[in-house]
Amino acid sequence: MLEYVYKDTLMHRMHPIPKAILLVVLTLLAQFYFDPVFILPILVFVIILAKPVSKIPNTWLLPMYIFGAMSVLERSYNAFFISSGGYYRVYASEWMTTTLLYVANIPVLGVAKLTWGGLFWLISMGLKYLVGLFAVSIFLYTTDPSDLMQYLASKKVSKNVLFVVFAGFNFFPILLRYARTIMNAQQLRGVGLSKNPVKAVSTLAQVFHPLVIRVTVLADILTLSASIRGFGSGQYSYLREIKLSNAGKLIAALSIAFFVFMIIGLALLNWGAL
Amino acid sequence: MNIDRIVYRRRAGDVEAVKNVHFTVKKGEYVVITGAVGSGKSSLLYSLNGTIPKLIPNSVLEGDVSVLGRSLKDVEVADASRSIGLVLEDPDTQITQMTVEDDLAFGPSNMGLPPEKLRERVEFAVKNVRLEGLEKRNPRSLSGGQKQAVAIGGVLSFMPDIIALDEPISMLDPIGKTDVLSRLRNLNRQTGMTVIVTDSGMEVESFADYADRVMVMSHGTILKAGTPHEILTDTEVMKSSSLRLPQVTELCMKMGAHGPTTPVTLAEAEKYVADRLRGKKSTRRSPEAGTTSQGEPLIVVKNLRHTYPGLERGIEALRGVSFTIREGEFVALIGQNGSGKSTLALHLVGVLKPTNKDAVIEVAGLNAVRAKSKELIKRINYVYQNPDDQIFCEKVQEEIAFGLEAQDLTSEEIKKRTTEAMNIFGLEPLKDEYIVHLDRGRRTYVSISAIMALEPDILIIDEPTTGLDEQDSLAVMRELEKLTKTGRTVIAITHNMNLAAAYANHVIVMHEGAVLLDGTPREVFAQSEVLAKSYIAPPQITQLSQRLKQFGFPPDVMSVDEMVGLVGRV
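From first to last, the protein sequence lines stand for chains Y and Z. Heads up: the first sequence is residues 1 to 274, going by my numbering. Heads up: the second sequence is residues 1001 to 1570, going by my numbering.
Any given hint could be a false lead.
Said to hold, decoys possible - DSSO-like, lysine-lysine: derived pairs with alpha carbons at most 30 angstroms apart: (1) Lys1271(Z) x Lys1281(Z); (2) Lys1136(Z) x Lys243(Y); (3) Lys1353(Z) x Lys51(Y); (4) Lys1281(Z) x Lys51(Y); (5) Lys1073(Z) x Lys156(Y); (6) Lys1136(Z) x Lys51(Y); (7) Lys155(Y) x Lys1136(Z); (8) Lys1117(Z) x Lys156(Y); (9) Lys1353(Z) x Lys1136(Z); (10) Lys1357(Z) x Lys159(Y); (11) Lys1353(Z) x Lys1431(Z).
Hints listed in this document are in silico derivations from the structure and should not be mistaken for laboratory results.
Start from the sequences, fold in the hints, and give me the full structure.
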């Protein structure tokens, strides 16, 4: 999960730098916009990019949906309990502040009121998360870390930074594999299956113990494994020569130009604002 | 390479793990360092390229290691690794890249070699460790043995002057073991690459053919060094170091051979026995092959398929597997690396589900595909290959009680079962010890005991003897055999054919996701040509009997004593 898988797709073949620029631009625009009408096409475009990559089974995409749902839940508080009519610059304030749902006197929380504006805002939050998660997943699934490191090494980036990149790409996939193995092993010991909720919680707490031990030594393990293979000796070369093609340069340039154009549109014409 | 009075302590003030070791390795030598677990072999090996003390926190190393006259004290590990390649025992700690070919190229790429040279080195490594077809796979998704092959290949691609390997073949299939050692031998002879290998005595038959020199370590010192003949025929040294003799050596000694001229390899033993039996023929056959247990069918598997996601079409790990296991059987599940043994085992315990709808997996009356985990684990359970994958608590007693506490048992029952489980391998004196401080053998005992405390009817144990020496391995196998005598069923996934032949009464051979052979050990090991498809070689004594068929020996001799009996009848 969340690690490079070899396939022969457009996104796999793309140089890491224009790929990163394209995905960062799409993610940033999604973050700057609050109108779902503007974020939705970005999400659709990202999904189209992900489609060939998503021959990886749907279960690997499951974390994205979970995070998206969690994001909506988290933001729901703001949508229900914080709403201000003066916020809206594009849509008519009267419409945006029309109440859809009203619940009075919720203990502790007070009055909950969902308006059209709040609903739009809530939907935009979920869409932002999905765009970000899809973009990160596309990058991680389609980018061979050694290609990225080759590019950085060719730009004379220091070995310490290279090691951070190397460790970063390795850390989470290893951690997720550990977690899956540990959870399976604990399932075999009956952990979390007790009907007694106190017992179930206390035994589940021990899920973290082996993970913490593994994580604590992971940095040492990565350092050891890299060092005994000569990493850090100062010389680097790579199996595949990764060159930034003209197409890659064009994609990077167009992405940046599009970003600037859309941000100017936001600033001057309220594109993407509610 | 000169190792000058090395003394190593894990921490200042600790007992010495390596004590005043001093020896020289000549260029082009093939040296095997053997000894029981905890004898100091790995610590010594890690000091050869500076891993100890530079990368192991708080460790203290005295003395000096020098290569071609240059001391390693002032050389960084990354720089030293160009001339001294190190393969660690645990391959998971050595994998750094996302594809096999990138991982194999990682080492030489840190030398700044051009892409075409890197490609050559990768192809060289792929060929030498039999990873053809796996170049684009994520190494972490491979089987344990395949990962070990990647780790070895990753250092071979360096083409270092010296290659040091810590228990490099423990997880490889039998033919893979001899393959790797023989290719190292070829490199050693053709390029002058110096080879230093450690082994805890479980692969003694494998390295006897290749080593120039064998050193036996015990309690941090070198007990004896000499040629394979000098060491492997010295029964006193071997016994005192908890090492066993090669099966053919044991046979020849029982036939009257003694001293360093006693055969230690299959070829030597074949000649020795043939010379003594010239013109004679055995008229007795070995006992009947027998049948597997007559107990009730306990596990029934039909048409089990499993495809892992990934690459273009997925990886078909199991292709229509079908077999039956009966109550009370001791089953050895064997097969080449990546043949689907662990995948199959995980289906039986319900961790994995088949990817075809018509698969049948019945375990002790339950449908393992649909049964709730809580019910299934009362009947069948699984001990992982790496004990650290299923250790959850800090101390031994806590760990063994851990699964019991999740079962809603009374505290008296938990205490009783915990005590009984600790007594299986004599862990009671260690009950308050921190598990991280125990050696691999003790941690394996803890992980097995923790599962046995749950008293499953069927126990699956994945590579129970990996990383263990002879003494610990026999202790584990004896306890597993005792279980079957109480009516329980054991399935041991193993690459140790000697132990499979000695303890199992049912052998299932996997090959590329399907069952290749299924029968008694005699029935299976007699078919060496079929077994070779799955990179399996029968025990050494069985191979000897097959080579001596002109004397009327049957092809299914299972033990040295049986062979001695047959020789006596000639």
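Here is how each hint holds up against the structure:
Our distance criterion of 30 angstroms between C-alpha atoms is met by Lys1271(Z) and Lys1281(Z), whose separation comes to about 16 angstroms. Using a Cα cut-off of 30 angstroms, the hinted pair Lys1136(Z) and Lys243(Y) holds, with the two alpha carbons roughly 21 angstroms apart. In summary, the hint linking Lys1353(Z) to Lys51(Y) is supported, as the alpha carbons are separated by about 26 angstroms, within the 30 angstroms threshold. A C-alpha spacing of about 71 angstroms is found between Lys1281(Z) and Lys51(Y), which places the hinted pair above 30 angstroms, so the restraint is violated.
For the proposed pair Lys1073(Z) and Lys156(Y), the alpha carbon gap of about 29 angstroms is at most 30 angstroms, so the pair holds. With a C-alpha separation of about 21 angstroms, the suggested pair Lys1136(Z) and Lys51(Y) falls inside the 30 angstroms cut-off, and the hint holds. For the hint linking Lys155(Y) to Lys1136(Z), the alpha-carbon distance of about 27 angstroms falls within 30 angstroms, and the restraint holds. Only pairs whose Cα atoms come within 30 angstroms are accepted, and Lys1117(Z) paired with Lys156(Y) is accepted, the gap being roughly 22 angstroms.
Distance restraint check for Lys1353(Z) and Lys1136(Z): the Cα-Cα separation of roughly 25 angstroms lies within the 30 angstroms cut-off, and the hinted pair is therefore satisfied. Using a Cα cut-off of 30 angstroms, the hinted pair Lys1357(Z) and Lys159(Y) is violated, with the two alpha carbons roughly 51 angstroms apart. With a CA separation close to 36 angstroms, the supplied pair Lys1353(Z) and Lys1431(Z) exceeds the 30 angstroms bound.
Checked against the numbered hints given earlier, the structure breaks hints 4, 10, 11 and satisfies all the rest.
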